[in-house]
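Join these two chains into a complex; the hints should help.
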Amino acid sequence: MSDKKPKRREFLFTATTAVGAVGAAAVVWPMVDQMNPDASVKALASTEVDVSSVKPGNTITVLWRGKPVFIRRRTKEEIEEARSVKMEELIHPEKDEDRAKNPEWLVMVGVCTHLGCVPLNDKGDYNGWFCPCHGSHYDTSGRIRKGPAPWNMEVPKYEFVNANTIKIG
Amino acid sequence: MSDHDYKPKSKVGQWFNDRLPLLTLANHLTDYPTPKNLNYWWTFGGILTFCLITQIITGLTLAMHYIAHADMAFESVEHIMRDVNYGWLIRYIHANGASMFFLAVYIHIFRSLFYGSYKSPREIIWILGIVIYLLMMAAAFMGYVLPWGQMSFWGATVITNLFSAIPLVGEGIVTWLWGGYSVDNPTLTRFFTLHYLIPFLILGLVVLHIWALHVPGNNNPVGIDIKKPSKDTVPFHPYIVIKDGFALLMFMIVFAFFVFYTPNILGHADNYIEANPMVTPAHIVPEWYLLPFYAILRSVPDKLLGVVAMLSAILILAALPWLDTSKIRSAVFRPLYKQFYWILVADVLILGYVGAMPAEGLYLLIARVATAYYFLHFLVILPVLGFKERTLPVPLSITEPILGGSPNLAAARHRESKIK
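So the protein sequences, as listed, match chains A and B. Residues in the first sequence are numbered from 1 upward in steps of one, following the numbering used here. Residues in the second sequence are numbered from 1001 upward in steps of one, following the numbering used here.
So that you can see chain B by itself, here it is in the shape it has in the complex (with noise of 0.2 Å):
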């Protein structure tokens, strides 16, 4: 990278920035050279930033209107509903805008999964991402606490009591999480001062996310290190940001099709009734980007192995570019491991059906299974399979399968072989 020799033109910009390099820093992210060979699931980056910066400014002016008190919490988000002008737009842009955010970050994750990106060099980039995924959890939940309703204040009660799975200590924590002898007002104050706080944090992480990410560049479809800047590279202004702009109209679409068309459908009806400490909903289901970790913790008939299988199901993917032993990144070249992806997407998938539904009988069966398989998967099939593979020859430059006329040669070349 050529940071070091810009000098901005203007008298004035020299003098500045000889005392703080703002414009370096705005000439590296303009010039940054980015592999040209990046796809549409390249885009989710942007995107991400895009759901981060909307949910903090809807809901900073939520923050004005609501009031965190047991008492008056479910009827000032009511008010900010009926009397707030466009209230309801703000808090259904906030309350999707969740939603959003977790379909665009599995998007981002499962890109990674498929094109090797959490592999060396870029092991920090990712677990840096898994830490901001564990505050989304954990940001998410607190802010569906925050109305007040059934749903909020039995999934409070239920995730705060996972704690007391924690053998001698557990009771202890949990009261003290609660501030009391059950979820009441000091819990809801408390989980919106999180809720507010955290935001911030991965803001920050999102930097440093992106700060690690422009030490070795970005991985590409075909997943080879690349010379930078060279023919296989472009300015990230004007060709990434344009794409990355196109892709976030579409997603503004489908994000815009839930706030004005269905605002309430990724909810749920019964936390629109004030919270009753005295009954429980018949069914408790967290939401939807929470169900394929539900569905694991319901799998296992003892309570603290549950809450274990549950948090390793997270935390494991923070070994994942250890557990992956293959020296290839891209699945592109990995005919194996390709196949290995699609059954843990359709695992994943399987897990958050049978999460939304009750745990008993064939659902608990298939839940178990995909469990065991979900655990297989990182800890036998992907160690073993970068010993065992055949991968396909990669190819040495992202020009040159294109000037050899086809744009996957090396697999163009495996067909043949095999047509033979």
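Chain A extracted, bound-state conformation (with noise of 0.2 Å):
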């Protein structure tokens, strides 16, 4: 600023210009925040699921938050598969350990990572899933091995609430 005073008609210009933005944004956010998710759909944001008569080597494919989740009770084979695999070979590395707290059962939000297909079970070069939409295939612990798809499928939250019932979300 040079050692000249402000004159009082800008002083009003900039207060009423800064006033009125604020105003502005104001208004503008509750258009934009309208369409987020309400509260009805974030009411939706736990499923509970009967996993009693699911056998090895079966997977159920439940709904949660409008989304597939995929509960596959594996078989050894396919824990050893998902185990054995060294951390350098993997897109986005993730300990199987970490993904199946309890090796027997992996619990995956059942979307692709690329552009949200549902990826096919028991398809790939993995044994693990293909996604048909754009070719990614994924291992018996549902992480990336091949193809544009930069992540592994999503764990959700979950818990076993008795043994049989499995609470998402």
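Among these hints, one or two may not hold up.
To be verified - With a Cα cut of at most 20 Å, we get these calculated EDC-like pairs of lysine to aspartate or glutamate: (1) Lys123/A with Glu1360/B; (2) Lys42/A with Glu1171/B; (3) Lys146/A with Asp1302/B; (4) Lys157/A with Glu1171/B; (5) Lys167/A with Asp98/A.
It is worth saying that the hints were derived from the structure and are not from the lab. Here the structure is a predicted model, which means the values were calculated and not measured.
Here is the structure:
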């Protein structure tokens, strides 16, 4: 600023513009935020699933927050295959021990991390899942091994309520 | 232009026109001096206006029967097809009308590319056209989601997921677009709202597009600036009106063929299965008019870069007036550009073909080569060609070569000189 004192009119211009901008932002935000998930959508945030009928080597798919969740009861070979992989071979390195706390049960969001398709069970080059849309291959731990998807399939927050029931969310 | 001198004949007309000069506008549109050598490639502007109006009218009538709700949308479309009087006709016109719209817009765009219509002083017309084209794609995509079939649902899932490629905020943007954690009812209702809005935005932009066109006037097959009005021009009415009308009639025959004989050939059978978030169809393929860009998306093995490449392929067109450094507009006088033009046409058709095929093996390789060539054309060939190419002599007026005895004297001279 020069040593000249700002004029009254300049001050008024700046103050009016600033107040106007704040007012406009206060009106715009509700208009933008109304598109975010609403209270009724958020209320459906958890699902309980009875898994007593799932046999080893089978997968059930349940809907959680509008997305399919795969619950697979893995066979011994599958667990072994998933746990023997070296971290260096993985695109998105994650230990199977961290993805499946109870090794027999793999619970993950059945959505390809590329563009959101549902991968097919027991397909692909790694005996896990294969996404038909753009050809991503996942292993028996749901980790991305080949194709355009950048990450492993997401493991949601879940817990065993009792021996036969899983609560997702 | 002599718009300012216009004076309505009747007293009432004068009274009205002094208050709202609509009659002056009507007179301008009627007398608008148009190059007299416009060929049939120039009739697609009128055809596109027809397409837009058709989509708006059929869309309005469909909206009277359609229910934008995830539980009822699919059923309401079947209700339109089976119960509503002439519902099948209106829906087939609307669905095939989208394809006809894109067919016409691609011809319109490639007309511009051949005759250099995007060059100075018509850059703003061109950029407005690209914005219209982008809005058309948005409208077509959202419209395809409304029947809530399998392709609707999974197409919506894949396309909205493109935004998840944006680092950091991508996932948040996708959730915001969906209004939930997956494509669901909130997504459907907002898509319906936007699908209803966009055609009117396009209509507004079309008015600007035509306004911007009427400032310098039409380009023409010879691609030279002409005096207006002069021996080189004819009034828009009746000359161009009749020519446009005849072309529109021919276009409507093609349109009617699709509507009445093969109304589903351009769609996918999977879309007659109701949306199921648990099962993805085996082959997700977008509508034919998006296939070249889909091929570009899939040809890049990285998610973010694939999306960037696809968007760049469209946005690069907006920079075309500055990428093409040649002063000569029409390809008629640019022997090298003419060849590269046809290679580009072939390249885009190849991209469209491999976009419909599975992304593996030879198809993937072809898609990669074609994608690379697409960018090479705009980023290297066009800028360099403007400096290197030896163009043919351009006539001084449209009339000159005709009086000289050849429809294209310059080209004839060129051929003669080659023989000698």
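Check your understanding: Which of the numbered hints are not met once you compare them with the structure shown?
Key -> none
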